[in-house]
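Residue numbers (numbering that gives the first Met the number 0), protein chains in the order written: chain X, 0 to 772; chain E, 0 to 47.
I should point out that these hints are in silico values taken from the structure, not numbers from a laboratory.
Note that the structure is a prediction, hence the values are computed from the model and not measured.
Hints should not be assumed to be uniformly reliable.
To be verified - Output of the computed footprint for chain E on chain X, the stretches with three or more beta carbons under 8 Å from beta carbons of chain E:
1. 124 to 130
2. 161 to 174
As the list claims (entries may be wrong) - What follows is a list of derived Cβ distance ranges for each label pair:
3. X/Val329 with E/Asp26: 20 to 28 Å
4. E/Gly28 with X/Arg280: 17 to 25 Å
5. X/Gly610 with E/Gly28: 45 to 53 Å
6. X/Ala148 with E/Ala19: 26 to 34 Å
Backbone N, C-alpha and C define an ideal beta-carbon position, used for all residues, glycine too.
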Amino acid sequence: MLTDPLAAAAARPVPHAPDALALLDDPQEWVAFSRPLASGPDLWESSVVIEGMHCAACAVAVESALAGVAGVLRAEVSAASHRARLVWSSTRAKPSDWMQALQRIGYRAVPANDLFASERRRRETRKALWRWLVAGFCMMQVMMYAYPAYTARPGDLTAEMEQLLRWASWVLTLPVLLFSCGPFFASALRDLRQRRIGMDLPVALGMAMTFAVSTAGTFEPAGPFGREVYFDSLTMFVFFLLSGRWLELRLRDRTAGALEALMNRLPDSVERRCADGSFERVAVRRLQPGDLLRVRPGEAIAADGRIEEGHTQVDEALLTGESRPLARAVGAQVVAGSHNLSATVLVRVEQVGAATRFAQIVALMESASTTKPQAVLLADRLARPFLLVVLFSAAAACAWWWDVDHERALMVAVAVLVVTCPCALSLATPAALLAAAGRLASGGVLVRRLQALEALARVDTMVFDKTGTLTSNTPALGDIRTRLGTTPAVALEMAAALAAHSLHPVSRALVQQAGLRRAQDPALAAAGTWTCEGASETPGQGVQGLVRPALWAAAPAVPLRLGSALFCSATPGTAPEVHLSDAAGWLATFGLREALRADVRAAVQALAQSGVDVRMLSGDRPDAAARVAAAAGIAHASGGCSPADKLQALATLQSQGRTVAMVGDGMNDTPVLAAAAVSFAFGQAVPLAQARADFVVPGDRLMAVVQTLQVSRKAMAVVRQNLLWALVYNAACIPLAMAGWLPAWLAGLGMAGSSLVVVLNALRISANAPQDA
Amino acid sequence: MDILYLLIPLSVVLVFLILAGLWWAVDSGQFEDIEEEGARILRQDDGE
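Here chain X stands alone, though its shape is the one from the complex (with noise of 0.2 Å):
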């Protein structure tokens, strides 16, 4: 625990009460910030957002503080968000045991799904604001102090009156050094105290360092230290870093914005409707299937649900990437994130919580934003000889300078602490990609991991899978034939029970065709649906259960199969179909019509244009993916491949030393996705849980590739910018710093500057043309 009453001070407010964590490890807290995870038994995945973090150095001991936990699988903290994604057990761990684990070195989390969250949230803003005003009023009035030192001719000042003068100084530069510089001051002693080099220690040495020189100086005028005074460089400098800190916390926020804005999209409470009618605030967390909530224009829904009252517009952008409003009336289906636009509904919950397309997003987002990419593991591991290099240089230009001069010794060390900038070069990586991540959710386009980015940016082939990808997610059904003795509508309504049991798009295609049927004729209807028990799909080839009519339980199950020529040893014909068997062989044949989607060719073009060679690979027989590439402008096509003949093309082409991306459905390219170096899936096709690929795009535009193409080779050029800035930055400055070149303002200006730079230059990425160019 902190003793130190500085630290103490500046440390963010009481630890938790033990009791308070205690509360925490009641299982049915649990959901509000972790999910049970599908790899083992009692394994959870929470997320947590770690306070009083800095910088990179913070989350390498952040991580190890809670990778030490007996019961923690695995612990990925962000130094650009603050949070931390860990796996733990529960069955050997609480959450009180980690949460713990972080108050001992200084930390504290927060479940970064709790409503405190944002409450501390503004604490800690408010108090940020107040440490800046301080420091800056404090140092306007240090200024006018120090301005007749600097004019007056020699005898004009009375020796009285410039003590009168340093003392003032004097006065105002400590709440500056002991309220404004408090952050950096406890993060270096909590660094110490781990016996480890933080970030803000050479700044910190840096203040202490000059604050003492200036008081020998005032009050010691003929001590070893000379009697200079530099109140005013040191008001100036901690000026210009909090101003810098300010304004990198504001743009990180907007950084990781569309990230945020995501997270943080639903409401805190929500008006449901009590049983007499009336309306009452409650909590998200305390609603269930079947309220009835009021959504007034303006507000964002909070649930998935349908509308009982009321039509309006919504904004679904964040979850199909369509940016237009859509209208939506009563009985029309709204989802939990979007924003309803003009007029107040009552929407009846379906889905609550966890199960909400929205929070699937979220848990998406958030474990792409705690992965550490390679550049950023590499930054992270750097750090820490950069340091020690930076306080080598200051001791020896302090050393060097000392027989010159005392004083101007312990300057020019200060210049060289204070100028060196290690933030920018640990955040240059990070802070690029998750403004590209939030970039491009604003556009429909979840990423899975971030170092796919980097990926995608070498990539110079792109293979498309056809169906559900090129071409639309639900063909259209054909004509239908079957076997004498069953009429189509019985074969149709037998293979719409099988397809309710697979998500391929051609089973969504059957039931929703077998649906629009039984609803136009009433005949239909009657003669009753079928069920179906059992049900297995087997990925690529169809699916086979036992069916037997709804309405006559006592009927025997007829095992059919419902997929492709071969798996239902049906006899393939020349237009694309699906079959259905029994046991003794093909009952029926579905006709189906592809469609493509409207921007497949503009999305080749442009990927052409961006030096991508386009090929694509099908499943499908090869004169029906000839005529697809065709139609969609791709020269490279073949088909009748199944995943191992896609496997092997995909191994072809890397062997020639291309980098390829892989598009499909999500589904049945799950090995061909694996194999390729970036992976996209069409994520209608498949809930987006299941969904293994690096991005997922929920909507159906094909151009939504194409952007997160561009997207990612701008990421990778802003990261190389703000490496070398960087490299650059610091290699000038310190050696200039060292020949005494820099005074400490200035080099505190250099810092704050340097940190700007690789943020404002990362914001460029998110603060983009409008992306429906």
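With chain X fixed as given, assemble chain E onto it according to the hints.
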């Protein structure tokens, strides 16, 4: 000239008073949501 011996300490005290005023402003949230006040008049409020 002698008046400066009073005015300079007074200016130090004044700085602390002004800082106290700023603290009150920050703590009551006046610098957050600067657009909020301007937008308030455009909002339809029911009840109050």
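Tested hints:
Only residues whose C-beta sits within less than 8 Å of a C-beta in chain E count toward coverage, and the segment 124 to 130 of chain X has 4 of them, enough to reach three; the restraint holds. Here the segment 161 to 174 of chain X counts 6 residues with a CB under 8 Å from a CB of chain E, which clears the bar of 3, and the coverage holds. The hinted range of 20 to 28 Å is not satisfied by valine 329 of chain X and aspartate 26 of chain E, whose Cβ atoms lie roughly 47 Å apart. Distance hint for glycine 28 of chain E and arginine 280 of chain X: a CB-CB separation of about 21 Å, consistent with the stated range 17 to 25 Å.
At roughly 52 Å, the beta carbons of glycine 610 of chain X and glycine 28 of chain E sit within the given window of 45 to 53 Å. Checked against the hint of 26 to 34 Å, the pair alanine 148 of chain X and alanine 19 of chain E passes, with Cβ atoms roughly 28 Å apart.
Figure legend: structure checked against the earlier numbered hints; the only hint not met is number 3.
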